[in-house]
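Student: The chain contents come next:
Protein chains: 2
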Amino acid sequence: MEKQIQKRTLATRAKLVAAAEAIVSEGGFDALRVEEVVSRAGVAKGTFFAHFRDKDALMERLIGARLDCILDALSEVPAPVTVGTMVDEMLPMLHFMVSERYVFDLILRYSGAALTDDIGPIGMCIARHETVVMGWLNAEGVRRDVPLKILAEGIQAFVFQTLGLHFCALHTDVPIQSRLRSYLEPWLLARS
Amino acid sequence: MEKQIQKRTLATRAKLVAAAEAIVSEGGFDALRVEEVVSRAGVAKGTFFAHFRDKDALMERLIGARLDCILDALSEVPAPVTVGTMVDEMLPMLHFMVSERYVFDLILRYSGAALTDDIGPIGMCIARHETVVMGWLNAEGVRRDVPLKILAEGIQAFVFQTLGLHFCALHTDVPIQSRLRSYLEPWLLARS
DNA sequence: TCAAATAATTGACCGTGGTCATTATTTGAT
DNA sequence: ATCAAATAATGACCACGGTCAATTATTTGA
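Keeping their order, the protein sequence lines are chains A and B. Numbers 52 to 243, taken from the working numbering, label the letters of the first sequence in order. Numbers 52 to 243, taken from the working numbering, label the letters of the second sequence in order.
Quick caveat, the hints were computed from the structure, so don't treat them as lab data. Wrong hints could be hidden among the right ones.
Pairs involving identical chains hold if they fit within one copy or between any two copies, as the list cannot separate such chains.
As a list, the in silico EDC-like pairs of lysine to aspartate or glutamate whose alpha-carbon atoms are at most 20 angstroms apart [claimed, not checked]:
id: 1; residue 1: K200; residue 2: D224
id: 2; residue 1: K106; residue 2: D156
id: 3; residue 1: K58; residue 2: E127
id: 4; residue 1: K200; residue 2: E86
Based on the provided sequences and hints, a complete structural model is requested.
Tutor: Right under this line is the structure:
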């Protein structure tokens, strides 16, 4: 049991992913159809499901890859000193998350790890984001009476709340940044 | 344009809802199939979609009805004086929300009102819950430096965060109550 | 070198949500 | 009572994700 997977397997998977990425770049994640992925990749439909558990597994992979890029940039950035700059630095990620309703729903569904015990790409990204954010919380002015882990989880809760309301027509007048700040300032800042 | 809808319409809709409720009571929300609803109701498939925009619209109605019952009870209850009792009083709603993964996902997706400008049954329930919770926040010990509205929205954010993590296998060891309390106490309580 | 074992691929088929042109029923005006 | 317009119901049909027994390709070992 040394090299179980043949290189044909990798080639096929690469073709599938490449086809999928092409479709997404043309029409967005929402426009992806399994049938079109396989036809572009030149394989049969069954092959797709031999490589991905279901369509969502592919979407998770594609979206996870994008998130990872954004997180790469995020972890290079200097730790923000104010809530305002913290929000600003998270903005690229937030904008990607709301770029399509479909994307947001999928991230939401898989952010708390998949239904089973195996954690998927999106769950990994959320965990990574939590780690990055936790590293920011040793700043001056941030409350100390709550574990950092709770604080970081709270930030994510407010991110999802903010983005969820962003899709609500009644609330789109308030920009993402200021809404998120109105949550994070009372959550993070130490009071008198 | 006096009485546009004929009573036949109401009768058909009632039959559909009754059939749907029967199916749900037998096998849960996840087990509902449109085909079975229409066959039990004795109507054609197309009729279903003349009464409900899509399957989700029916699910929203059924789940919204349940939530409304729970909210009826909730709004009768005395305002809690501690975060612990607040969580306890919300517990029936929380348990319903996590009774099925399907139910949680649907509530999450429609809690921020539907995609369009029309607010659906679940969105109404969330708004109602927000109102009830806001009424609780005039208690001793609750912070005053943040608008009640923000405070209430934050509670909802933490509820969703808690329930989301509840489905994550890695986190099921922590019970809902204590997890939610660990968010709400730092969020709500005034500090020294 | 080749046969057995293992792995990858195929595509016909299915389940289920959703559509729409056609048909049936109700209503209101005469 | 009659009939035309408005409203409701029908069911064949489609889209699309997902399955699986059969087939083909690859690896292994003697």
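Student: Against this structure, judge whether each hint is valid.
Tutor: Here is how each hint holds up against the structure:
no.: 1; hint: K200 x D224; verdict: between (32 angstroms within a copy, 16 angstroms between copies)
no.: 2; hint: K106 x D156; verdict: both (14 angstroms within a copy, 17 angstroms between copies)
no.: 3; hint: K58 x E127; verdict: neither (35 angstroms within a copy, 65 angstroms between copies)
no.: 4; hint: K200 x E86; verdict: neither (42 angstroms within a copy, 46 angstroms between copies)
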